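> Could you put together the complete structure from these sequences and hints?
Mapping of the sequence shown onto the numbering used here: residues 1 to 238, in sequence order.
The set of hints was computed from the structure by calculation and includes no laboratory data. Since we're looking at a predicted model, the values are computed, not measured. The reader is advised that the hints may include incorrect statements.
Unchecked claim - Label-pair restraints from in silico Cβ distances: (1) Q141 / A178: 52 to 58 Å; (2) N194 / E174: 29 to 35 Å; (3) L114 / D33: 34 to 40 Å; (4) V122 / A156: 45 to 51 Å; (5) M117 / E40: 23 to 29 Å.
Glycine is no exception: its CB is placed at the ideal position from the N, C-alpha and C atoms.
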Amino acid sequence: SVAGASHKAAEEGKGAVNQMLNSIQEINRGNIDIMVQSAESNEAFANIVKVIGEISNKTKVINDIVFQTKLLSFNASIEAARAGEQGKGFSVVAEEVGNLAMMSGNAAKEITELLEMSIVKVEKTVEDTKSKLENLIAASQKKIEVGMGTAHNCGAALDEIVKNVSDMSQLVSEIASASQEQAQGVEEITRSMNQLDQVTQQNASATQQAAEATDELNGQANQLQLMVRDLVQTVRGG
Numbered sequence: 001s002v003a004g005a006s007h008k009a010a011e012e013g014k015g016a017v018n019q020m021l022n023s024i025q026e027i028n029r030g031n032i033d034i035m036v037q038s039a040e041s042n043e044a045f046a047n048i049v050k051v052i053g054e055i056s057n058k059t060k061v062i063n064d065i066v067f068q069t070k071l072l073s074f075n076a077s078i079e080a081a082r083a084g085e086q087g088k089g090f091s092v093v094a095e096e097v098g099n100l101a102m103m104s105g106n107a108a109k110e111i112t113e114l115l116e117m118s119i120v121k122v123e124k125t126v127e128d129t130k131s132k133l134e135n136l137i138a139a140s141q142k143k144i145e146v147g148m149g150t151a152h153n154c155g156a157a158l159d160e161i162v163k164n165v166s167d168m169s170q171l172v173s174e175i176a177s178a179s180q181e182q183a184q185g186v187e188e189i190t191r192s193m194n195q196l197d198q199v200t201q202q203n204a205s206a207t208q209q210a211a212e213a214t215d216e217l218n219g220q221a222n223q224l225q226l227m228v229r230d231l232v233q234t235v236r237g238g
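In structure tokens, the structure reads:
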């Protein structure tokens with residue numbers, strides 16, 4: 001029936017809405033997982049920055065050692081100059097130590113600059129990634145909320161449709177039952193009318209028979225009246 005088909009369609013629509021709600025909830029859970037992973041990634045980046053900072057601190061120690069080495073090399077050169085001819089070999093060694101200290105200092109300076117650049121880049125990457133993820137998740141969350149609201153509204157509308165279809169099915173059943181009762185009543189009225197027609201026909205037949213009997217009685221009365229008249233005349237004539 002049409003009502004049954006409508007009820008089935010409404011139930012299928014309600015099932016589809018429920019599936020959509022489940023899918024949206026799955027997406028929401030996925031977004032939560034992304035947020036957790038993002039937090040873990042940020043923590044990992046923070047650890048990298050921490051390690052780079054520790055390396056930078058070690059580089060400062062190296063710079064201090066280089067400075068002390070340069071100072072010692074300078075003092076050794078002075079002492080070698082004072083020693084004259086005997087201090088020439090020591091002077092060469094002191095000069096080489098000074099050169100090594102200078103090379104170490106330059107390398108330490110370059111390492112420090114690279115570390116500082118790395119820290120800036122890592123921190124910027126962390127902030128950019130965090131900001132982009134937050135924006136994406138916020139936009140996705142907003143869409144999910146809108147989708148869930150729409151799905152809930154559709155579900156409520158379908159619930160109302162299912163209820164209305166059920167009410168309509170019940171009403172159709174009641175109308176069908178009332179129509180059947182009405183048909184039975186019409187059938188009974190028809191039978192009563194037929195019976196009444198038969199009684200009317202019987203009454204008409206009886207009326208006709210009574211009229212015929214009345215005519216016959218009138219005829220007999222007329223004959224009797226004639227006979228009485230003849231009898232009176234006979235008596236008078238005698």
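> With reference to the structure, classify each hint as holding or not holding.
How the hints compare with the structure:
1. Checked against the given bound of 52 to 58 Å, the beta carbons of Q141 and A178, roughly 55 Å apart, stay inside it.
2. The hinted range of 29 to 35 Å is satisfied by N194 and E174, whose Cβ atoms lie roughly 30 Å apart.
3. For the hinted restraint 34 to 40 Å between L114 and D33, the CB-CB distance of approximately 35 Å keeps it satisfied.
4. For V122 and A156, the hinted distance range of 45 to 51 Å is satisfied, since their beta carbons lie about 50 Å from each other.
5. About 25 Å separates the C-beta atoms of M117 and E40, a value consistent with the hinted range of 23 to 29 Å.
Against the hints set out earlier in the document, no violation occurs for any number.
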